[in-house]
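Chain by chain, the residues run as shown.
2 protein chains.
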Amino acid sequence: MKLLLKNAQIVNVFTDRLETANVLIDGEKIIGVGEYNDTDADIVRDLSGKIICPGFIDGHIHVESTMLTPPELARVCLPCGTTAIVADPHEIANVCGFSGIVYMLEASEDLPLSVYIMLPSCVPSTPFDETGAVMEAEELRVLYSHPRVLGLGEMMNYPGVLADDPKVMQKISEAHELGKLVNGHAPLLGGRGLDKYIAAGISDDHECSTIDEAVERISKGQHVMIRQGTAAKNLEALLPLFDEPWSRRCILVTDDRHPADLISEGHIDNIIRSAVKAGKSPLTAIRMASLQTAEYFGLKSVGAVAPGYRADLLVLDDLETVKVCDVYCGGRLAVSEGKVIDFKKPEIRSDIRKTVRNSFYLDELSPADFYIESEGSRCRLIKITPGQLLTDEWIAEIDFNRANGIDIKRDILKLAVIERHLNTGHKGIGFISGIGMKKGAIASSVSHDAHNLIVIGTNDEDMAAAANRIRAMGGGNVVVSEGKIIAEMPLPEAGLMSDLSAAEIAAQNEEVRMAVHKLGASAEIEPFMNMAFLSLPVIPSLKMTTLGLVDVNRQRLVSLFEK
Amino acid sequence: MKLLLKNAQIVNVFTDRLETANVLIDGEKIIGVGEYNDTDADIVRDLSGKIICPGFIDGHIHVESTMLTPPELARVCLPCGTTAIVADPHEIANVCGFSGIVYMLEASEDLPLSVYIMLPSCVPSTPFDETGAVMEAEELRVLYSHPRVLGLGEMMNYPGVLADDPKVMQKISEAHELGKLVNGHAPLLGGRGLDKYIAAGISDDHECSTIDEAVERISKGQHVMIRQGTAAKNLEALLPLFDEPWSRRCILVTDDRHPADLISEGHIDNIIRSAVKAGKSPLTAIRMASLQTAEYFGLKSVGAVAPGYRADLLVLDDLETVKVCDVYCGGRLAVSEGKVIDFKKPEIRSDIRKTVRNSFYLDELSPADFYIESEGSRCRLIKITPGQLLTDEWIAEIDFNRANGIDIKRDILKLAVIERHLNTGHKGIGFISGIGMKKGAIASSVSHDAHNLIVIGTNDEDMAAAANRIRAMGGGNVVVSEGKIIAEMPLPEAGLMSDLSAAEIAAQNEEVRMAVHKLGASAEIEPFMNMAFLSLPVIPSLKMTTLGLVDVNRQRLVSLFEK
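Taken in order, these protein sequences are the chains called A and B. The opening position of the first sequence corresponds to residue 3 in the numbering used here, with each subsequent residue numbered one higher. The opening position of the second sequence corresponds to residue 3 in the numbering used here, with each subsequent residue numbered one higher.
No lab work stands behind these hints, which were simulated from the structure alone. Keep in mind that the hints are not guaranteed to be accurate.
As the list makes no split between identical chains, a pair holds if one copy fits it or if it spans any two.
Unchecked claim - No farther apart than 25 Å at their CA atoms in a straight line, the calculated lysine to any residue pairs in the SDA-like style are these: (1) K4 x H178; (2) K8 x G195; (3) K520 x A534; (4) K302 x R143; (5) K325 x G281; (6) K31 x D344; (7) K279 x T323; (8) K486 x N470; (9) K411 x G438; (10) K385 x R558; (11) K182 x P168; (12) K8 x T323; (13) K4 x I174; (14) K31 x V217; (15) K31 x A165; (16) K325 x D344; (17) K282 x E246; (18) K325 x L49; (19) K302 x Y146; (20) K302 x H178; (21) K235 x E528; (22) K302 x L145; (23) K4 x P168; (24) K325 x P73; (25) K4 x Q172; (26) K302 x P168; (27) K8 x V217; (28) K182 x K302; (29) K198 x E37; (30) K282 x T17.
A quick note: this is a predicted structure, and the numbers were derived from the prediction, not measured.
With the hints as constraints, model all of the structure from the sequences given.
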């Protein structure tokens, strides 16, 4: 069955030119671009006045950060013109290990959106992370044979690379031996350290926040991923990279983008649009978002409108707004006039589904589980800074005789991180300042990177109730007040994702967010987002893990009590 | 053992800029580019005033056309700054099949020059070619596992691709399934035919002789190889490709270049030099000859001066003359001040060496073997056009009663092509005009593509003597007069290559050439080069094969006698 798209202008990413030609598609592939006519095809579409360009590719995304399953992500990404993503299922791997990665592969099989996978390189991220799984080279090895696995995901453990850690180097060398890529993640690394990191064969970075960082990386042979996510926005600083000679070594990525942003702003199309608005060439931006990403990842015959290429095509109104009308994925219409054409959700093998849906292994909690046995009165508190993931350490006098140390007036609330993968009973309990809640408690199963159960509360009873609700839901976010659940967002897939749509998730997320603010949380913070990073002991300076407080700068556990 | 190259300017092929930096090398690899100093290294070289650039890569070469074995080719290419070649051993495969390819792999193992191989796709080239081997997909398959085999060589059989010939398509699809490239060769193909050829997954072409041809191919996604060989010179016509947007999709190749040219003009450096002389950027030309070739062929960490890259580096005097002083191959000095540092010739397995060295299977010939039984007097003659490989058909009256039809006054000589691989006794004998020899005979084992024994003579006795001398030498070129050998060039390796040096080969070649002219051959022709193409039935219009005369335009055998 042959399809002719005629009379449109074609974005040629090989020549950075617009050309007038007809496109002939047979099955999944483009078989001709040029002077083809109606008699060559079974179906003919006249696209006069429109522009055809290759589908956009997100070169680095964590699907779990969207809280959407791959099929639901496809539903929200496809109308944005995204026809392929390269996903690092790092979050689910921390919860479910091998099964988590298999889940992501199965959940993305045969979608109109092409989903490629980079294997998570750092599970766990640090020795303080009590995860559901440990993934060494042995665990990763077998997965490389999957045709959609393109390499090893972001190597965040750059100290391990610099120190020639044998387990880290083994993961890298095994990827290379199989001809696979290794993604980078080394913010602010430069000079000799960067040389060593790159010489180890780590070929890109998405953590550049300044043009100098990017230029050094490109000059040393790395590809730079220009990231524009929900929290981390680097586009403005990196706009010069859309010019020569830089653009040839850069691709566009979102990394972490929330569903509300996907709905309101878009996806890769949003980055292109922003670059164009800033005066950059849409032809260059489209090339960076298509051919270059495909070629960088070694995806053959993807990312261009040319003979032999996979017919992943967008029909645009114009190059200024980059408004996507229609999307073809492998020659089939996937989006028509902005509306996704329904597709079948992939079946997940029952054993894998069961593992992912039952990721909590934790006994029911009682208020007593949140009780702190006093060893003194001078305590280390985590202090949140609005708008940042960095935290400060604050030494405060705590009166354990009143509410076991909680002091709502001084904004000293209780924080607990409870191991939830292996029912070890490990937990870290302490205090936090900066949330501002006056009553109730909040809890979540999203707490980077180990995704243990994290709870913040104004009293132990509500904390226990919130924690138990998360446990009962198999994961999610919840807001509790006076023993009652006042808002919740279930995330039953590994405690990270929902199987609802982006719009439903965004609505639930907003509801939960508003509920915390109703309990008095400071308007300056995003309570659940801030909370999700309170247990990540790679961002300074004081964090809480299941093993207790971690002094991030010194990379060691410290006591709650300052003696 | 660490080596520091300091104070040079570095050609950065990622940014098209010259930068001042020191280069630190550890073993085969570059480990740092930047502010390194003497204390970082065991050996320090001060290269003040010099330029360091990545080694040049020839993206398409037939080693056999240089008549040099791979080690001797290395000796002449390395001082030109060539550190890697991608060779298609098409000629030797026509003679020795699988063993011929294995020979080329073994003869190029562990050379300072990196030799990559594309498997010959068309052996034999046409149904009229009686070759020493037939290579179908089955014969090629096992060779892809060799780490230096990068794909399937130039698919000259484009009619086969356009007709979906199952054997052709099987070869292509097997290469693709293994993630390998398929090189193209489709001169003058355009429009729908080109679309189909490209859509079959043939990703480059080196036969572009006009800018329009090149632009169409680049626009449709192919890489264009800008070829500058001994006979085929496309650089001048394709000079605009050194500018944007074209340069990014072009690489530099020689295809076929004779040893005398390699000595006098150079190799890839000669193409760069010519482009620079024509006003093109040396930085662009160097990028096209290094990083782009490596990336196109999927060679990881080759083609740049950057951390992690293989230390294949050139030390240049300047960017105008592109004069190569020193060459490092994998961190080891291979050329010092223009002189090759001696290296060990690879050992060839005895069975393979025996096959290649004994490629003739043919009984001794007598003058009677060249006798033509007359069936009339009007004959089809091949007429040579000076300076071209095209031939004309000339119908002439032949008097078989005098010298069995040879008529030196009218420049009608005898031409014979004798099957020499399987001793079938097949031979084609006829007449040729345009050589101009007044006495003697010449013979060669170089006759494209089947490389049977080809002989041109003024009498049957000298033809037999010349043929028998080629047979006795196991291949080569020979000039005979009055029964005596007056000049010869042995090519004992498959009848195609010598194990002498480039200078020796060039001298022998010149001696043989002059000897034919002394016998009266026209000054306007290159007798051995013209002769080598007289049996190639893909170049119009009349050619001689072991099966007899071929009308190339109609692709069928025709009788010597016009009735």
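Hint-by-hint comparison with the structure:
With identical chains, the CA atoms of K4 and H178 are at most 25 Å apart between copies only, with a shortest distance of 24 Å across copies and 40 Å within one. Within a single copy, K8 and G195 get their C-alpha atoms only as close as 53 Å, which misses the 25 Å cut-off; across copies the closest is 19 Å, which meets it. For a Cα distance limit of 25 Å, the shortest separation of K520 from A534 inside one copy, 20 Å, qualifies, whereas the shortest one across copies, 90 Å, does not. Proximity of K302 to R143 under the C-alpha cut-off of 25 Å is found in both arrangements, the shortest distances being 23 Å within a copy and 21 Å between copies.
For the identical chains of this complex, K325 and G281 are intra-copy neighbours only, at 17 Å inside a copy versus 42 Å across copies, given an alpha-carbon limit of 25 Å. When the C-alpha separation of K31 and D344 is checked against a cutoff of 25 Å, the pair qualifies only within one copy, where the shortest distance is 21 Å, while the shortest distance between copies is 51 Å. With identical chains, the CA atoms of K279 and T323 are at most 25 Å apart within one copy only, with a shortest distance of 9 Å there and 44 Å across copies. Within a single copy, K486 and N470 get their C-alpha atoms as close as 12 Å, which meets the 25 Å cut-off; across copies the closest is 104 Å, which misses it.
Taking the shortest Cα distances, K411 and G438 sit within 25 Å of each other inside one copy (9 Å), while across copies they are farther apart (111 Å). Within a single copy, K385 and R558 get their C-alpha atoms as close as 18 Å, which meets the 25 Å cut-off; across copies the closest is 88 Å, which misses it. Proximity of K182 to P168 under the C-alpha cut-off of 25 Å is restricted to the intra-copy arrangement: shortest distance 19 Å within a copy versus 32 Å between copies. Taking identical chains as interchangeable, the C-alpha atoms of K8 and T323 lie at most 25 Å apart only when both belong to the same chain, with a minimum of 22 Å there against 50 Å between chains.
Only between protomers do K4 and I174 lie at most 25 Å apart by alpha-carbon distance; the minimum there is 23 Å, versus 44 Å within a single protomer. Proximity of K31 and V217 under a CA criterion of 25 Å is satisfied inter-copy only: 22 Å between copies versus 37 Å inside one chain copy. When the C-alpha separation of K31 and A165 is checked against a cutoff of 25 Å, the pair qualifies only between copies, where the shortest distance is 18 Å, while the shortest distance within a copy is 47 Å. Proximity of K325 to D344 under the C-alpha cut-off of 25 Å is restricted to the intra-copy arrangement: shortest distance 21 Å within a copy versus 63 Å between copies.
Taking the closest pair of Cα atoms, K282 and E246 come within 25 Å of each other both inside a single copy (11 Å) and across two copies (18 Å). Taking the closest pair of Cα atoms, K325 and L49 come within 25 Å of each other only inside a single copy of the chain (15 Å); across copies the shortest separation is 54 Å, beyond that limit. In the homo-oligomer, the alpha carbons of K302 and Y146 lie at most 25 Å apart both inside one protomer (17 Å) and across protomers (18 Å), since each shortest distance falls under that limit. When the C-alpha separation of K302 and H178 is checked against a cutoff of 25 Å, the pair qualifies both within a copy, at 18 Å, and between copies, at 9 Å.
Proximity of K235 and E528 under a CA criterion of 25 Å is satisfied intra-copy only: 17 Å inside one chain copy versus 66 Å between copies. Taking the shortest alpha-carbon separations for K302 and L145, both the intra-copy value of 20 Å and the inter-copy value of 22 Å come in at or below 25 Å. Only between protomers do K4 and P168 lie at most 25 Å apart by alpha-carbon distance; the minimum there is 22 Å, versus 53 Å within a single protomer. When the C-alpha separation of K325 and P73 is checked against a cutoff of 25 Å, the pair qualifies only within one copy, where the shortest distance is 22 Å, while the shortest distance between copies is 58 Å.
Taking the shortest alpha-carbon separations for K4 and Q172, only the inter-copy value of 23 Å comes in at or below 25 Å, while the best intra-copy value is 48 Å. With identical chains, the CA atoms of K302 and P168 are at most 25 Å apart between copies only, with a shortest distance of 22 Å across copies and 33 Å within one. With identical chains, the CA atoms of K8 and V217 are at most 25 Å apart between copies only, with a shortest distance of 22 Å across copies and 41 Å within one. For a Cα distance limit of 25 Å, the shortest separation of K182 from K302 qualifies both inside one copy, at 14 Å, and across copies, at 10 Å.
In this assembly of identical chains, the alpha carbons of K198 and E37 lie at most 25 Å apart only when taken from different copies (13 Å versus 51 Å within one copy). Taking the shortest Cα distances, K282 and T17 sit within 25 Å of each other both inside one copy (17 Å) and across copies (19 Å).
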